[in-house]
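Peer 1: If you want the building blocks of each chain, they are given just below.
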Amino acid sequence: MEQPRPPLTTSAAPMSARTLLEHFPEPVQQAFSRFQAARAPEDADNVVVAVVIDHMPRTHRGDPTLPDANRLIEDLGFDSIAITEMVFFLEDLFHVRITNEEILRVRTVGDLRAFIREKLAPGSISPSA
Amino acid sequence: MSRRAVVTGLGFITSIGNDRPTVTAALRELRSGIERVEYLNNPTLPIKVAGTVKGFVVESASWRDWKYPSQYDFPREALRSLSPHGLYALCATEQALADAGLGRDDLTDGNTGLYCASAGSVFMIHHQINQLHLSRGERGNPMGVVSSIAGTLNFNLAARYGIRGAVSGFVAACASSSHALGCALDDIRLGRQTRMMVVGAEDLNAESVLGFAAMRALSTNPDPALASRPFDEDRNGFIVSGGATCLILEEAETARQRGAKVYAELAGWGQASDGYNVAISHPEGIGLSDAMRRCLADANLTPKDIDYISAHATSTLAGDRSEAIALRSTFTNVGARPLVSSTKGLTGHPLSMAGVMEAAFCAVALREGFVPGNVNLVTPDPACDGLDLPRASVDSKPNVVLNNTSGFGGSNVCHILRRWESV
Numbered sequence: 001m002e003q004p005r006p007p008l009t010t011s012a013a014p015m016s017a018r019t020l021l022e023h024f025p026e027p028v029q030q031a032f033s034r035f036q037a038a039r040a041p042e043d044a045d046n047v048v049v050a051v052v053i054d055h056m057p058r059t060h061r062g063d064p065t066l067p068d069a070n071r072l073i074e075d076l077g078f079d080s081i082a083i084t085e086m087v088f089f090l091e092d093l094f095h096v097r098i099t100n101e102e103i104l105r106v107r108t109v110g111d112l113r114a115f116i117r118e119k120l121a122p123g124s125i126s127p128s129a
Numbered sequence: 001m002s003r004r005a006v007v008t009g010l011g012f013i014t015s016i017g018n019d020r021p022t023v024t025a026a027l028r029e030l031r032s033g034i035e036r037v038e039y040l041n042n043p044t045l046p047i048k049v050a051g052t053v054k055g056f057v058v059e060s061a062s063w064r065d066w067k068y069p070s071q072y073d074f075p076r077e078a079l080r081s082l083s084p085h086g087l088y089a090l091c092a093t094e095q096a097l098a099d100a101g102l103g104r105d106d107l108t109d110g111n112t113g114l115y116c117a118s119a120g121s122v123f124m125i126h127h128q129i130n131q132l133h134l135s136r137g138e139r140g141n142p143m144g145v146v147s148s149i150a151g152t153l154n155f156n157l158a159a160r161y162g163i164r165g166a167v168s169g170f171v172a173a174c175a176s177s178s179h180a181l182g183c184a185l186d187d188i189r190l191g192r193q194t195r196m197m198v199v200g201a202e203d204l205n206a207e208s209v210l211g212f213a214a215m216r217a218l219s220t221n222p223d224p225a226l227a228s229r230p231f232d233e234d235r236n237g238f239i240v241s242g243g244a245t246c247l248i249l250e251e252a253e254t255a256r257q258r259g260a261k262v263y264a265e266l267a268g269w270g271q272a273s274d275g276y277n278v279a280i281s282h283p284e285g286i287g288l289s290d291a292m293r294r295c296l297a298d299a300n301l302t303p304k305d306i307d308y309i310s311a312h313a314t315s316t317l318a319g320d321r322s323e324a325i326a327l328r329s330t331f332t333n334v335g336a337r338p339l340v341s342s343t344k345g346l347t348g349h350p351l352s353m354a355g356v357m358e359a360a361f362c363a364v365a366l367r368e369g370f371v372p373g374n375v376n377l378v379t380p381d382p383a384c385d386g387l388d389l390p391r392a393s394v395d396s397k398p399n400v401v402l403n404n405t406s407g408f409g410g411s412n413v414c415h416i417l418r419r420w421e422s423v
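Keeping their order, the protein sequence lines are chains A and B.
Each residue of the first sequence is one higher than the one before, starting from 1 at the first, in the working numbering.
Each residue of the second sequence is one higher than the one before, starting from 1 at the first, in the working numbering.
These are calculated hints, taken from the structure and not from any lab test.
Incorrect hints may appear among the rest.
Quick list of simulated restraints, FRET-style, between CB atoms [to be verified]: (1) B:Arg192 - A:Ala114: 26 to 36 Å; (2) B:Val57 - A:Ser16: 46 to 56 Å; (3) A:Ala37 - B:Glu59: 43 to 53 Å; (4) B:Arg36 - A:Ile53: 21 to 31 Å; (5) B:Thr44 - A:Pro67: 53 to 63 Å; (6) A:Ser80 - B:Met215: 39 to 49 Å; (7) B:Gly137 - A:Ala114: 47 to 57 Å.
Some chain A residues well away from chain B (every beta-carbon gap over 10 Å; in silico) [stated by the list, open to error]: (8) Ala38; (9) Asp54; (10) Glu85; (11) Asp92.
Here are a few chain A residues that face chain B, going by a calculated C-beta distance under 7 Å [as the list claims (entries may be wrong)]: (12) Pro57; (13) Thr65; (14) Arg71; (15) Thr84.
Predicted model, so just to flag it, every value in this text is computed and none were measured.
All residues carry an ideal CB built from backbone N, CA and C; glycine is no exception.
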């Protein structure tokens, strides 16, 4: 299995979490602040769903609640570049590393939520500089 | 040539207006688009003015921060791969298609092509490369390449509008969009395409401007009302501009059958190079003279048939003089005396976009029946002796106009547009 690389250092990361989320609705920014303070998985879930919505092509916007069964490519219209954009965004936001092999296994919104939860679980968190 | 080509749609994001009526009024009434600017928060820079693009906020390299006029509504999947000039181009193209009465479904059968011209976005490249260096190669914008390199316009517009005909980009500095327009005419004449979208666009930011200051090519005159003064004895360099122009060119019979409004016929084009210097025009304008002669021959016209010349003159010492000499040798010396003006006194110089923008201005002038004047021209350079350079716009009805463009490396491209009475 590929060894996880360390996250980008703050100085090398292109944008801070505050900057990354500045165009997001206030409740999403609050959820992220709560997650940073208490690390409740459901707060991370809400942020992840907002990030999916933010990267989703407008032409495929459907159910705004984004059920877990929605497939990123087939149902939501993501292309591989939008998935890459989203992966970078999540890496920078949560200070995690996501490999190409890992993301290729993520097909649905539910897969992504579970995957990010796993990445953020105690013991899995990469230390941030 | 049995197949003729006509201009049926125009779209503008320019320093003098973001729609055709505003641009037309500015050309007729000589309303300048040049304003004071400050780049890199450095008030000591000698470059004080530019032909600014109004109504857009594109200082950030992230499309999420951009603001643009509210009549346009683009989804993230369109915005994510754009540079600032790509956004301008999308707006101009939406205008031109609406003006021509065309929808996306009219463009996707392979009979419509798309030729574009821009220098790419040095601004976006700078941010992309800076991010790569900061992250030691571990992070880049997935859209960094397609939003920035020369070709970004054709990548984005072809995908957005589903173009399946000829698609390409042209890179010849300030002559680029004139090459695009000339090759578009050839494709229609040769029967390869029935419709061509021709788009020129450029960013306007420190990265697009200050490289020319390093060449000492820009005016250091701080007065927006006087800095760009083509053909004037007191000119001291050009003023950079940006924006986008889209011109829809159609085979004339196709345009007639669908009842399209016609601005003008694109009757011919010609090109020739100086073979002289990487950045300076030939002092006698030999390449431009040859390009004008070839253009006249292509349109089967003589110098005396030309009523108006839209000059390339950018307000540089060498370039304007070279063009004036070329105009005298081609026209004055054979007894022809067309009106001559450069609209860059109003707009500044939008680099790759100049050729198609000024061809579009010519189409407007032919349809509306006027000739734009030479704003800011007070004392013509003696090299202009014998040229008819009206200061104010002229309410004449030109029938045939010539549009000149020149670029780095000595590329010279000319077009002739002709009044179209009926289709």
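Peer 1: Taking the closest Cβ pair, is Arg71 (chain A) under 7 Å from chain B?
Peer 2: 17 Å, violated
Peer 1: Determine whether the Cβ-Cβ distance between Ser80 (chain A) and Met215 (chain B) falls within the hinted range of 39 to 49 Å.
Peer 2: Check passed, 41 Å falls within 39 to 49 Å.
Peer 1: The hint says 47 to 57 Å between Gly137 (chain B) and Ala114 (chain A); measuring C-beta to C-beta, is that right?
Peer 2: 30 Å, violated
Peer 1: Any CB of chain B closer than 7 Å to the CB of Thr84 (chain A)?
Peer 2: 4 Å, holds
Peer 1: Checking the smallest CB distance to chain B, is Glu85 (chain A) really beyond 10 Å?
Peer 2: 5 Å, violated
Peer 1: Per the stated criterion, does the least C-beta distance between Asp54 (chain A) and chain B lie above 10 Å, as a non-interface residue requires?
Peer 2: Contrary to the label, Asp54 (chain A) does not stay out of reach of chain B, its closest Cβ about 8 Å off (not over 10 Å).
Peer 1: Please check whether Thr44 (chain B) and Pro67 (chain A) have a Cβ separation lying inside 53 to 63 Å.
Peer 2: 58 Å, holds
Peer 1: Should the label of Ala38 (chain A) as a non-interface residue stand, given a Cβ cut-off of 10 Å to chain B?
Peer 2: Given that every Cβ of chain B is farther than 10 Å from that of Ala38 (chain A), nearest at about 28 Å, it holds.
Peer 1: Could you let me know if the closest chain B CB is still more than 10 Å away from the CB of Asp92 (chain A)?
Peer 2: Nearest chain B Cβ is 8 Å from Asp92 (chain A), so the label is violated.
Peer 1: Arg36 (chain B) and Ile53 (chain A), beta-carbon distance inside 21 to 31 Å?
Peer 2: Violated, since Arg36 (chain B) and Ile53 (chain A) (Cβ atoms, about 41 Å apart) do not stay within the stated range.
Peer 1: Let's test the interface hint: is any C-beta of chain B closer than 7 Å to that of Thr65 (chain A)?
Peer 2: 20 Å, violated
Peer 1: Can we keep the Pro57 (chain A) interface hint, with Cβ of chain B closer than 7 Å?
Peer 2: 4 Å, holds
In summary, the numbered hints that this structure violates are 1, 2, 3, 4, 7, 9, 10, 11, 13 and 14.
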